[in-house]
Structure formats: structure tokens, C-alpha cells
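Undergrad: Kindly generate the complete structure, drawing on both the sequences and the hints.
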Amino acid sequence: MKLILLYFVLFLSLIGPAFSQNLTGFVLDSITKNPLIGATVRLEGTNYGALTNKEGKFFLTKIKKGKYSLIVSYVGYYTKRLVVTVPTNDTLTILLGLRTIQTPELIVSATKKLQTVQEVPVSVSFVPSDFYQQRNFVRLDEALRFVSGVIVNKDNINIRGSSGFSFGLGSRVAYLVDGHPMLSGDNADAKYDIVPVDVINNIEIVKGAGSSLYGSSAIGGVLNIITKEPSDTFSYSLKFQSGIYTKPKYEQWIYTNKLTTRSIFGGYFSGNLNFLKILSGFNFVNDESYRQFDKSRRYNLFAKFSKDLKNYGKVTLFGFHSSDRKNDWVYWNSLDSATRPPTGTDLSRYLISTKSNLSLEHKFILAGNMFSNFRTSLFYTKLDNMLQPSNSEFRKSNSYSFNTEIQFNNHFRDNTLLSYGVSLTRNWVESNIYGNHKQNLTSIYSQIELQKFFNTIVTLGGRFDVEKSDSSKLYTEFSPKIGLNLSIGQYKSVRFSIGRGFRSPALAERFATVKYGGFEVVPNYNLKSEFCWSAELGSLFEFRNFVIPMVVDFSLFYSKYDDLIEPNFTIGEKPFIRFENIAQAQILGLEASLKTLLFKSAPFFVGFTWLEPKDLKDSKILKYRSRFNLVSSLSIPYKFITTNVDFRYISKIERLDDILKFLMEDYDAIVPIYVVDLSLNLDLTNFKLPFFITLSAQNLLDYYYVEMVGNLAPTRLISFRIQYKY
Amino acid sequence: MEKFNFKKICYYKVILLSLLLLLSCQEGLDPTSQQEESYLKGNVVVISGAQSWPKPDSALELRVVGFKEYPPRDLFNEIISNNAFISDSLPRFVDTIPFQLKIEKPPVEIQYLVAAIRYGTIFEWKVIGVYSDEMTFERKPKIIYVPKGKVLENISILVDFRNLPKQPF
Numbered sequence: 000m001k002l003i004l005l006y007f008v009l010f011l012s013l014i015g016p017a018f019s020q021n022l023t024g025f026v027l028d029s030i031t032k033n034p035l036i037g038a039t040v041r042l043e044g045t046n047y048g049a050l051t052n053k054e055g056k057f058f059l060t061k062i063k064k065g066k067y068s069l070i071v072s073y074v075g076y077y078t079k080r081l082v083v084t085v086p087t088n089d090t091l092t093i094l095l096g097l098r099t100i101q102t103p104e105l106i107v108s109a110t111k112k113l114q115t116v117q118e119v120p121v122s123v124s125f126v127p128s129d130f131y132q133q134r135n136f137v138r139l140d141e142a143l144r145f146v147s148g149v150i151v152n153k154d155n156i157n158i159r160g161s162s163g164f165s166f167g168l169g170s171r172v173a174y175l176v177d178g179h180p181m182l183s184g185d186n187a188d189a190k191y192d193i194v195p196v197d198v199i200n201n202i203e204i205v206k207g208a209g210s211s212l213y214g215s216s217a218i219g220g221v222l223n224i225i226t227k228e229p230s231d232t233f234s235y236s237l238k239f240q241s242g243i244y245t246k247p248k249y250e251q252w253i254y255t256n257k258l259t260t261r262s263i264f265g266g267y268f269s270g271n272l273n274f275l276k277i278l279s280g281f282n283f284v285n286d287e288s289y290r291q292f293d294k295s296r297r298y299n300l301f302a303k304f305s306k307d308l309k310n311y312g313k314v315t316l317f318g319f320h321s322s323d324r325k326n327d328w329v330y331w332n333s334l335d336s337a338t339r340p341p342t343g344t345d346l347s348r349y350l351i352s353t354k355s356n357l358s359l360e361h362k363f364i365l366a367g368n369m370f371s372n373f374r375t376s377l378f379y380t381k382l383d384n385m386l387q388p389s390n391s392e393f394r395k396s397n398s399y400s401f402n403t404e405i406q407f408n409n410h411f412r413d414n415t416l417l418s419y420g421v422s423l424t425r426n427w428v429e430s431n432i433y434g435n436h437k438q439n440l441t442s443i444y445s446q447i448e449l450q451k452f453f454n455t456i457v458t459l460g461g462r463f464d465v466e467k468s469d470s471s472k473l474y475t476e477f478s479p480k481i482g483l484n485l486s487i488g489q490y491k492s493v494r495f496s497i498g499r500g501f502r503s504p505a506l507a508e509r510f511a512t513v514k515y516g517g518f519e520v521v522p523n524y525n526l527k528s529e530f531c532w533s534a535e536l537g538s539l540f541e542f543r544n545f546v547i548p549m550v551v552d553f554s555l556f557y558s559k560y561d562d563l564i565e566p567n568f569t570i571g572e573k574p575f576i577r578f579e580n581i582a583q584a585q586i587l588g589l590e591a592s593l594k595t596l597l598f599k600s601a602p603f604f605v606g607f608t609w610l611e612p613k614d615l616k617d618s619k620i621l622k623y624r625s626r627f628n629l630v631s632s633l634s635i636p637y638k639f640i641t642t643n644v645d646f647r648y649i650s651k652i653e654r655l656d657d658i659l660k661f662l663m664e665d666y667d668a669i670v671p672i673y674v675v676d677l678s679l680n681l682d683l684t685n686f687k688l689p690f691f692i693t694l695s696a697q698n699l700l701d702y703y704y705v706e707m708v709g710n711l712a713p714t715r716l717i718s719f720r721i722q723y724k725y
Numbered sequence: 000m001e002k003f004n005f006k007k008i009c010y011y012k013v014i015l016l017s018l019l020l021l022l023s024c025q026e027g028l029d030p031t032s033q034q035e036e037s038y039l040k041g042n043v044v045v046i047s048g049a050q051s052w053p054k055p056d057s058a059l060e061l062r063v064v065g066f067k068e069y070p071p072r073d074l075f076n077e078i079i080s081n082n083a084f085i086s087d088s089l090p091r092f093v094d095t096i097p098f099q100l101k102i103e104k105p106p107v108e109i110q111y112l113v114a115a116i117r118y119g120t121i122f123e124w125k126v127i128g129v130y131s132d133e134m135t136f137e138r139k140p141k142i143i144y145v146p147k148g149k150v151l152e153n154i155s156i157l158v159d160f161r162n163l164p165k166q167p168f
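So the sequence lines, in the order shown, correspond to chains G and Y. Taking numbering that gives the first Met the number 0, the leading residue of the first sequence gets 0, the next gets one more, and so forth. Taking numbering that gives the first Met the number 0, the leading residue of the second sequence gets 0, the next gets one more, and so forth.
These are computed hints drawn from the structure, not numbers from a lab. It cannot be assumed that every hint is accurate.
Claimed, not checked - What follows is a list of derived Cβ distance ranges for each label pair: (1) G:657 x Y:29: 21 to 29 angstroms; (2) G:700 x Y:97: 54 to 62 angstroms; (3) Y:29 x G:650: 12 to 20 angstroms; (4) Y:118 x G:568: 38 to 46 angstroms; (5) Y:69 x G:650: 32 to 40 angstroms; (6) G:616 x Y:118: 28 to 36 angstroms; (7) Y:51 x G:384: 34 to 42 angstroms; (8) G:387 x Y:139: 44 to 52 angstroms; (9) Y:146 x G:395: 48 to 56 angstroms; (10) Y:87 x G:685: 56 to 64 angstroms; (11) G:525 x Y:55: 36 to 44 angstroms; (12) G:387 x Y:166: 37 to 45 angstroms.
Unchecked claim - Here are some of the chain Y residues that sit facing chain G, going by a computed Cβ distance under 10 angstroms: (13) 26; (14) 29; (15) 30; (16) 88.
All C-beta atoms, glycine included, are put in the ideal place defined by N, C-alpha and C.
TA: Written as C-alpha cells, this is what we have:
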């Protein structure tokens, strides 16, 4: 609250005279000279910009005199950067060239400012909205499975081997929605069903330690969901999707004679109400599952409002509410009955999980070349297994995570950008399993970026964090980072970065007091942060005029982890489990990806990751890690039909926790993963009908595998979707 | 230097894609492919009668455990070190309890086959019956050789709650 007051004091004191200069221009296709509607025009480093209208015209108003770098981008076109001097009497005409290969152009998550992919010092991946729309995906993690170097292990996202399997506790990836942190206050875990997929514009994934900007949890990387901007014109969409799980080929896995289904009803609305722009979306999902007693019902609501306050910047307010009711069991009965819950499971039990959020952002041009970005958000989660409090298995947890951040960007000497900020995170939990506790994380950070420095962009930054939970000591962390990006020709760059990441323990890890599988989990008030150093050498080469156009990305990376938090089983007079800083590990790896066009029109992507994850205490491979991961996608457009074939391979997990044999049958039933998905998309707008139809087969070959031990992964799902778009 | 041929490169890529699809034709998990395992089947027989069972809070669960070596260090560590096999949790408070013990990676020699009850945490177990020819306090264990892919049946582990065997740990 103090930070919010401080911001408004600063805001009021720093409002300078209204700037009176304007900048206007047109954005056109370089060949046809047709206007590009909805192209983004931004002043670099400011997040201040505009979209082009129906004539391809843009207006940037209230700008201070000076020299600016203008970035112009449009989906499917090469991004253009040009230097403009304000004031100017000229109306700019900017021509953009059509891309042959679709690659991400602009990202915000790598350095907390808008930047082209060729300029960032770290590896980034990008999932565009049409990727999951065209495949009938309803959860984010379904799309993340096709990102090179990313492995999804039920609720855990593992970037380049940073995470194993921890029941979702303590994400080692910073999880954001439009830059706002969205890890739960109790478990510090990520919920991948909070936002309806229809309102997502894209997902950005930054690989490697990112705590110098994002603080705790960014030990393995950053995952930022970018939602769509409310549009200037009215648009809306409604969709209905339904699919069936085909029967498994093994008789002992067939638990019902009926075909089970997954149905979704959703839509969105976007428009300009003159005084306010609005985007809203919803989703209802009813999943009967491919397993017995595994049904779930979920709904998501999302709304985003934005208002241009002219001289006072731009305000965006968004919020979501999501609720999920699902049956409650963790592991299969056995491999022989992999679609059934363990014998003796109470079939009347279910869990209700609720997630709600309200977030506010204010972007503002302060005096001079100084820009501010203020963010604040409250994320609430609730889990209740609906038992009576007198029941020994009763679980209930209410958690809150309140985040506030003020970021300033200061441009000076044409080639230097200084970013700095303050952030405050306060987590608190009220729970019968974790107790009532609070955690505060206070941080300051700063980053300087030197551009045009011998064709190199040099980034130096650091962040200082202070963490304090009640009943525990005060811990401090300093996370520096150095990044270099050397341009070695047009669309070719070499990058290098080294930085530190850390993760403060989740309240659940520090204060859990629960009985689990015959063990008593006891708190550890002295649990401190885990940390890592990670380094990367990479290159991004785009060959536009080669025989076939292609984009090649290559990375060699190394991470060393220390004080990793893991559950430790202590045998003594009173045996117990306690989360402790016990593991040391290193991961050496290599990642390569290729994007190209087959037959001049069919986009093809393949990405390969190799890891050597080593536990430094016993010199064995780290638990729950795979050495190889390969993802591949081919899109074949033909008239109004686009066919997508996607393939993913993950090598067999080589080491598990042997303690699991006390908890489940056939815990070691693990195989390599080979999954093929197929989808057919029909665009009926060619026939002047505002409909899109998608037929998809997820796990087309009905390959049986597990991602999480003792849990059969989804079997073949054949879905049909019809969507009306206006 | 050989000139790049667009068609040739495309063919290579189609071949690559076909290979990926072929790789996907692997079988995956198969519940019927467990013939590599062997089983011990039989009964835990409470000769002292069903009424002789200890109170429920002293017999939280019953399992049959086969140790590869005798004497074992303790039940928990031998299990997680893969030196012992453990059955599912079995019914309690009756006088005859059928069991099935899966033996992974046979052939294996089981030197010590017991019925054990958990009386506290997962580390707190008490041996209540031993697969043996005698009912003395020592109860010299009978060794069982388990061949590959076999089911050895009719194994009886006798339990007398009035005369429990010597505890190995």
C-alpha cells in the first residue's frame, strides 16, 4: 500500500507540462502498397505507441521534442526500426516487407521492454494464439508441450531441466500474465487454466535464470502470457467444441461401455465504447476424462479494460475468475488398472479450486525521456476438498499474493537506456495444513543497456531482494546479469549471457504441517532460497535469400544449482519429512531449432534439446529429468484448409524417487514419449460464411505413456470445433 | 560444389517427417507385457485366530515383504534400496489373508519372506510371521528361488500373535 501511495505522490509531482508534438504516418505493404490495419507503432523503450486504423494511418500524440527510435511491426511482416526527430511536418510512410517464415518479432519478457528477438541476449520461444486455436487446445500447458526445451510434468513446467517433479510446489519458472506475477501465495505454483485461451495473444518463454529482473522463481526461466489488446472495432466470437476419448486398446483399461467426452463452450468480445476499450472472454469446460472418477468441470471469466488518459498516460485494468471442480485422487491403482483410482478411494470426494485476480497497470510519460510503468495485482487462490474439519484428511487453503511494481525507463544519449524499479510482493496463507503465515519480498532492480556499442548491445543489470516470512530469518539475495548481443550482419546475431537466479521457499514448503502417506511433514523455519548461476552462448541466423528461407537458432547452456529445496526423509525416533536445502546439481545442454518452408508454402519447425543433468552429491543423473526432447510441427495450407501435424519426443526418465514404491503400484512404469497430433482447419470465410471449423486428433496414434509417475497421460482425443467470428 | 536442389531438400524433409511418425509407432505402456515379472502367491494364516489381532492403532496395515538378504537392515531402507519386494496393503483382523507379491527382475533369491504390520509411521514395522518350517522364536527362514516369469503358489506364512518371532531389526 505504501508503494502505491509513493507512486501517486511521484506521479503527481513529476507530471510535467503536456507535450504538444504529434507524429503521424502510414504503414503500407511494401509491394502492394495496401494499408496494414492494426500494425503496431511504438517509441522504443517506452511502451508508448499506437495501432494503425483502416487507412493504415497512425497518430502518436503529446510527444516531447527529441530524437526517437520508432519500431513498426505487423504480424506476417518484417519489423522496421527507424529514427525520427520530433517535431516534424512530414507524414511518415513506412513500408513493411512480407515475411516468408513466421517468427516472433517483438517480445517484452526478455528485458522488461519491447525488443526485437534479434536483439535480446537470451533464448526466447514464442507460442502464437493460432497455434492452440488451430489444435483445439483448452489449457496453456497443452501448447507448451510443443515448445523446444520445455517439458510439462502435470502442473510443473520444466525449462531446460530446471524442475523435476514436485507436485506443483514451488515453480522454478516465473509465471506472469501481462507482466503481473501469478504464482499462488501458498504453494508458489502456476495454474495453467486461469485465462480463457481465446483472449490470449501469445505466450513468451524466456529460458535461463532471469532473477535479475523478475526476482524469486525465475531460476529456470520466465513464462509470460500476453493477452490481446481490446480492439478499436467491435468483434466477437462464440465457439462450441466437443470431443471423445477413444477406447483404449487394452481391455483391462476399459472401465465404461460409454464413450467419454470433453466439451467446451466459450467466446470473447472486444470493442471500443468510446470512453473505454474492453476485451472479455469466457470458457466452460466439462471433461468426463479418459479415466474413471476423474471428471472435472471448469469455468473461466476474463475482462480487460483500457483507457487512454491523454496527458496522464494509459490505464489498463484486468481481472479473471476461474473455478474448477474435480474428483480427488493422485495415483493409478496399478499399471494393470491404469484408468482406475486406487482401491478404497472414496468416490464421493472432490476438490474445488478457485482462482481470482485483479490487476492494474498505468503507463505514463514523465518529464523528459523518462517513462514509468506501474503495476499492481492481487491473486487469490482457494482449495477445498469439501470434507468436514473433523476429518483427518480435511484440506483447506486460502492464499493471497499481492504484487506491486514501479518501473522507470530513462533514455539518454540516443544509445543508452536505463531501466530501474522497485517491487513488493506479499504472500499470505490461511490454511489448516500450512497454518496462517505471511511472506514479504521487497526488491530494487536496475539495468542499463548500451546500444550500438561496436555492433553490440551490452546489458548489465542486477536486482537486490529481501525476503522475510514470519518465524523465519531475514534473507537477502543479489542477482546480477550480463548480456551481450553482437550483430554480425543483417538478421544474424550471436548472444551471450550469464546471470543468477533464485527461488524463495513457498510458504507451503516452509510451514507445511500435514500427514502424507504415513509420514509427518514438519515445518522448517530455516529453509532458505535455492539459487543457480546460468550461462548461455547462442546464435540466431535468418537466411532470407537462401534456396529455402530458414531461421536457425542454436544455444549452448550451462546451469549450476545450489541449495535446491527438496523433501528430505529423516529416520529417527520420530521419523518425518522436512523440506531442506539439500541438493546440488548442474545441467549442461544444447538446443537447436530450425524454421523453414517446405514446398514454398508449408511452414515447418523442428527443435531439439539435449541435457546432461547431474546430481553433484552422488554423480548420478538428476531425478525426473529426460536427456532428449524433440518437437516438430508442419502446417500444410491448401486453399481454405490448413492441416497441422505435430510430433513430440521425450526420452525416458532415467531416475525416480524409490520412496514412491510405498505410495503407489508400478511407480516405475515409465516409457519414452512419442506423441503425434493432427488437426484440420477449415476457414469458411472464403465462402462468405463467418465460421471456422477444426477437426483434431490429439495423441493420434493412441500412444500410452506417463508424464507424472502413476498417472496415465491422456489417450486419443478426437475433437470437433465450430467457431463463429464477427 | 554441389548446387542445392530445392526438391531434393524437400524430399529429405518428408523422409525425416515420416521417420518421426514411424518412431511414434512404438507401443508405449502395455499392461500385458509384464511376463518378465514373477509372483509369489499364498496366504498369511493367523493360527492364533482373528480375535488375537492387536488393536487397530497398533496394526495400521499389513504387508508381505520378501528380502533378498538375511538379516535385513530395516524394512524401509531395504525397500527403497531395491533389496526387498513389498506387497499391496492386505486386509487385517481376519485369520486367513490371501497375498500376491510381485518379484521384479527375476530370477531372484528371496532369503527372508515375512508378514509385517505397521504400527506407526512408515518406518515402524513389526514382523509377525516368517515363511519357515518351524514356529520357534528364531524361526529359521526358508529360502525361495524365484525363476523368471513364474508364479509360485501355495506359500503359507504362519502368524501366532501369542508367540511372535524374533525381530530382525
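Undergrad: Determine for every hint whether it applies to the structure shown.
TA: The hints, checked one at a time:
no.: 1; hint: G:657 x Y:29: 21 to 29 angstroms; result: holds (23 angstroms)
no.: 2; hint: G:700 x Y:97: 54 to 62 angstroms; result: violated (39 angstroms)
no.: 3; hint: Y:29 x G:650: 12 to 20 angstroms; result: holds (19 angstroms)
no.: 4; hint: Y:118 x G:568: 38 to 46 angstroms; result: violated (19 angstroms)
no.: 5; hint: Y:69 x G:650: 32 to 40 angstroms; result: holds (38 angstroms)
no.: 6; hint: G:616 x Y:118: 28 to 36 angstroms; result: holds (33 angstroms)
no.: 7; hint: Y:51 x G:384: 34 to 42 angstroms; result: holds (37 angstroms)
no.: 8; hint: G:387 x Y:139: 44 to 52 angstroms; result: holds (50 angstroms)
no.: 9; hint: Y:146 x G:395: 48 to 56 angstroms; result: holds (52 angstroms)
no.: 10; hint: Y:87 x G:685: 56 to 64 angstroms; result: holds (59 angstroms)
no.: 11; hint: G:525 x Y:55: 36 to 44 angstroms; result: holds (37 angstroms)
no.: 12; hint: G:387 x Y:166: 37 to 45 angstroms; result: holds (39 angstroms)
no.: 13; hint: 26; result: holds (8 angstroms)
no.: 14; hint: 29; result: holds (7 angstroms)
no.: 15; hint: 30; result: holds (5 angstroms)
no.: 16; hint: 88; result: holds (9 angstroms)
Comparing the model with each numbered hint stated earlier shows that hints 2 and 4 do not hold.
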